[in-house]
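Knowing the structure of chain A, use the given hints to seat chains B and C on it.
Each chain, letter by letter, is given below.
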Amino acid sequence: MIDRKKFIDDLHNIRDKSPLIHNITNYVVMNFTANTLLAIGASPVMAHAPEEMEEMVSISSALVLNLGTLSRKWIEAMHIAGETAKKQGKPVVLDPVGAGATSFRTGTAKNIIEKIKPDIIRGNASEILAIARAGISTKGVESTLAADKAVEVAKELAVETGSVISVSGKTDYITDGKTVHRVDNGHFLLGKITGTGCAATAITGAFAAINNDYLTAATEAMMAMGIAGEKAGGETDSPGTFQVKFIDELYKLQILISGYQDTNKS
Amino acid sequence: MIDRKKFIDDLHNIRDKSPLIHNITNYVVMNFTANTLLAIGASPVMAHAPEEMEEMVSISSALVLNLGTLSRKWIEAMHIAGETAKKQGKPVVLDPVGAGATSFRTGTAKNIIEKIKPDIIRGNASEILAIARAGISTKGVESTLAADKAVEVAKELAVETGSVISVSGKTDYITDGKTVHRVDNGHFLLGKITGTGCAATAITGAFAAINNDYLTAATEAMMAMGIAGEKAGGETDSPGTFQVKFIDELYKLQILISGYQDTNKS
Amino acid sequence: MIDRKKFIDDLHNIRDKSPLIHNITNYVVMNFTANTLLAIGASPVMAHAPEEMEEMVSISSALVLNLGTLSRKWIEAMHIAGETAKKQGKPVVLDPVGAGATSFRTGTAKNIIEKIKPDIIRGNASEILAIARAGISTKGVESTLAADKAVEVAKELAVETGSVISVSGKTDYITDGKTVHRVDNGHFLLGKITGTGCAATAITGAFAAINNDYLTAATEAMMAMGIAGEKAGGETDSPGTFQVKFIDELYKLQILISGYQDTNKS
Chain A
1 MIDRKKFIDD
11 LHNIRDKSPL
21 IHNITNYVVM
31 NFTANTLLAI
41 GASPVMAHAP
51 EEMEEMVSIS
61 SALVLNLGTL
71 SRKWIEAMHI
81 AGETAKKQGK
91 PVVLDPVGAG
101 ATSFRTGTAK
111 NIIEKIKPDI
121 IRGNASEILA
131 IARAGISTKG
141 VESTLAADKA
151 VEVAKELAVE
161 TGSVISVSGK
171 TDYITDGKTV
181 HRVDNGHFLL
191 GKITGTGCAA
201 TAITGAFAAI
211 NNDYLTAATE
221 AMMAMGIAGE
231 KAGGETDSPG
241 TFQVKFIDEL
251 YKLQILISGY
261 QDTNKS
Chain B
1 MIDRKKFIDD
11 LHNIRDKSPL
21 IHNITNYVVM
31 NFTANTLLAI
41 GASPVMAHAP
51 EEMEEMVSIS
61 SALVLNLGTL
71 SRKWIEAMHI
81 AGETAKKQGK
91 PVVLDPVGAG
101 ATSFRTGTAK
111 NIIEKIKPDI
121 IRGNASEILA
131 IARAGISTKG
141 VESTLAADKA
151 VEVAKELAVE
161 TGSVISVSGK
171 TDYITDGKTV
181 HRVDNGHFLL
191 GKITGTGCAA
201 TAITGAFAAI
211 NNDYLTAATE
221 AMMAMGIAGE
231 KAGGETDSPG
241 TFQVKFIDEL
251 YKLQILISGY
261 QDTNKS
Chain C
1 MIDRKKFIDD
11 LHNIRDKSPL
21 IHNITNYVVM
31 NFTANTLLAI
41 GASPVMAHAP
51 EEMEEMVSIS
61 SALVLNLGTL
71 SRKWIEAMHI
81 AGETAKKQGK
91 PVVLDPVGAG
101 ATSFRTGTAK
111 NIIEKIKPDI
121 IRGNASEILA
131 IARAGISTKG
141 VESTLAADKA
151 VEVAKELAVE
161 TGSVISVSGK
171 TDYITDGKTV
181 HRVDNGHFLL
191 GKITGTGCAA
201 TAITGAFAAI
211 NNDYLTAATE
221 AMMAMGIAGE
231 KAGGETDSPG
241 TFQVKFIDEL
251 YKLQILISGY
261 QDTNKS
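Chain order of the listed sequences is A, B and C.
For the record, in the first sequence the residue sitting at position 150 is 150 according to our numbering, with numbers rising by one throughout.
For the record, in the second sequence the residue sitting at position 36 is 36 according to our numbering, with numbers rising by one throughout.
For the record, in the third sequence the residue sitting at position 73 is 73 according to our numbering, with numbers rising by one throughout.
Note that these hints are calculated values from the structure, not bench results.
Just so you know, not all the hints are guaranteed correct.
The list treats identical chains as interchangeable, and a pair is accepted whether it falls inside one copy or across any two copies.
Below, simulated SDA-like cross-link-like pairs (lysine to any residue); rule was C-alpha separation at most 25 Å, straight line [stated by the list, open to error]: (1) 117 / 88; (2) 87 / 103; (3) 73 / 184; (4) 17 / 152; (5) 73 / 51.
Only chain A is shown next, with the shape it has when bound in the complex (with noise of 0.2 Å):
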């Protein structure tokens, strides 16, 4: 179970050392991720030229990569940039957006697990559930979609690949492949804007840059999102305003951890 005052101490850790998070992201969201790694009080920094990928990188705390809206130039960049970060020691955190729904996304997301065993992997359930499907996971997978049925298959995802596995949904699952972790925060207009899953993945680079218990990190990025996510959303039934209020509360964070609770089934 995470310990409130550690998500407190956390979030201050972050404010107080503002890591430095390179972002190789989609260009849909870069403006929105920033700005939410601005709000809970990191540095971001969007950078995929190649000639520049390990500087970037050796003078950064955290590493992005999104596969968003992929193309070959940049997953040359993640590939160096990955390589770099893991031979620092500094963590990497993948977001496979779209596994599944291409073979070109869901091939370079299985690479990149692979070549850079990326140390922590946020998705939805159904680009979680692609990607065990490709092989990675060996055993066989449920076809269902739910985030709740994509537990088994993120714990031995988790198993084979020793990244964390943080599945988000109404319900977000994180697990090492022993413990699971759930948090119960959010709002549904978290789903109606662009962008919220790829914020929660840099907010997992922000937290995993500061706490190397990446379980945790994982785990205390989805409470900050969902709670943030149900601030906003007793302020407004509408997603333009909600994008705008998401920003504030992220911003104005105040430790309120309703609604977790520790359900480690292992």
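Just chains B and C, lined up with the frame of chain A:
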């Protein structure tokens, strides 16, 4: 004339079916476009890698091509995606952003129109006139840029290309070469933020995805944009807030077909 | 010292003439930059294809080069656009985003400064110092990053490059090597959202487009940014809402040149 009931039905259908709209669009508007599509009930995907164009089109219900921040690589992707969509009988909507500004843009628009034969072309008066001037329309072209003066040119262009032509301005005109629909809804603040034209094109894709009468679909999209703009404009007089409220109003869209009338001039 | 009447006149001129500002800028800020330019009354265009650089510059009134999400292809476009603008006597503004962070960025900034000779260089203190350190300024460089300590370096850099140097920080300093203008307007929330520095650069381009006294133009741009920031900061204490209100206040900008004073140290 657009049937009010049909407009309401089509709005409901977008929400019920949540069609996946594949956008190859410009960097400036991607976030806003994705959020407008989500607000109206559709599902956006932005993807441009040639490697995944066929698969992405295959799982989508409409394709939107937008020339806003053009480059050679993306044009290649547009052609693959466009040809795939046409083969599969899926609607293709073209937004010739900046046609007339540079020969690269005018030429790319012309080429896509000739090779892909988009079902709907949506642009402002100067873009539509630039396309006609580029030799796609063979008759003389008015040099004036007002939308109402572009109507005759749009009708000719529709006949020659076989595309529905949607010309946006203070009043929007939509024509298949025979019938001309006119939409008077709108608000001047729609022109004070970036990306509303591009959003109109994406929403045209959403209506075309659930209504294969493309003249009607293109008209309904402009109605939805205009009505949401009017409602947002009733809540603020400044563009920052307007952008937020516009998304809210698209989401809350209640049917209020004010200002709409058929001018059926043919 | 900046004349209040001149500032008001220049603001009116931007709105009346609506100069087209050609931006080759980074993905993160494109939407926000376009909306800030529209809010102040200018017309934004974002374009980067080498094929259309000459034509696009030819119809524009100023060129803004921003190194935020750099890649080889875009650098190529920047050089073509920059050379075209200089040949045509149009102002070129450079924002060396991240200079000092990687040698790729520092080197690219240095190269553009030497080859294109931008009329104005606008960056934060650490970026300006990094450029000076890169050997463009030959004298010793202070290692501290506060804007006020960067003033002397900025003055030297201005003399050597022939560019107006605009250093942003809590207080902004703008110098042509002889005169130093100082702008105290601003609000701390400007630093809590992404893209305000990039917006300042784009707005510098808008003022330079209608005022060829670039020292004055660059100063007025920082005043406009700072005043709009102060007004937005008076309406909210959170960054999401601040971003929205900032656009509103740029749009509504009433002249209120508080906090401005000439420090003319030379």
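Alpha-carbon proximity context of residue 117 and residue 88, limit 25 Å: within (14 Å within a copy, 39 Å between copies)
Within, between, both or neither: residue 73, residue 184 at alpha-carbon 25 Å: For residue 73 and residue 184, the Cα distance exceeds 25 Å both inside one copy (38 Å) and across copies (43 Å).
Alpha-carbon proximity between residue 73 and residue 51, which holds within one copy, between copies, both or neither at 25 Å: Cα proximity of residue 73 and residue 51: in one copy and across copies (12 Å, 12 Å).
25 Å Cα threshold - placement of residue 152 relative to residue 17: neither (36 Å within a copy, 30 Å between copies)
Intra/inter-copy verdict for residue 87 and residue 103 if alpha-carbon distance must be at most 25 Å: For residue 87 and residue 103, only the inter-copy Cα distance (21 Å) is at most 25 Å; the intra-copy one is 29 Å.
In this structure, the hints that do not hold are numbers 3 and 4, in rising order.
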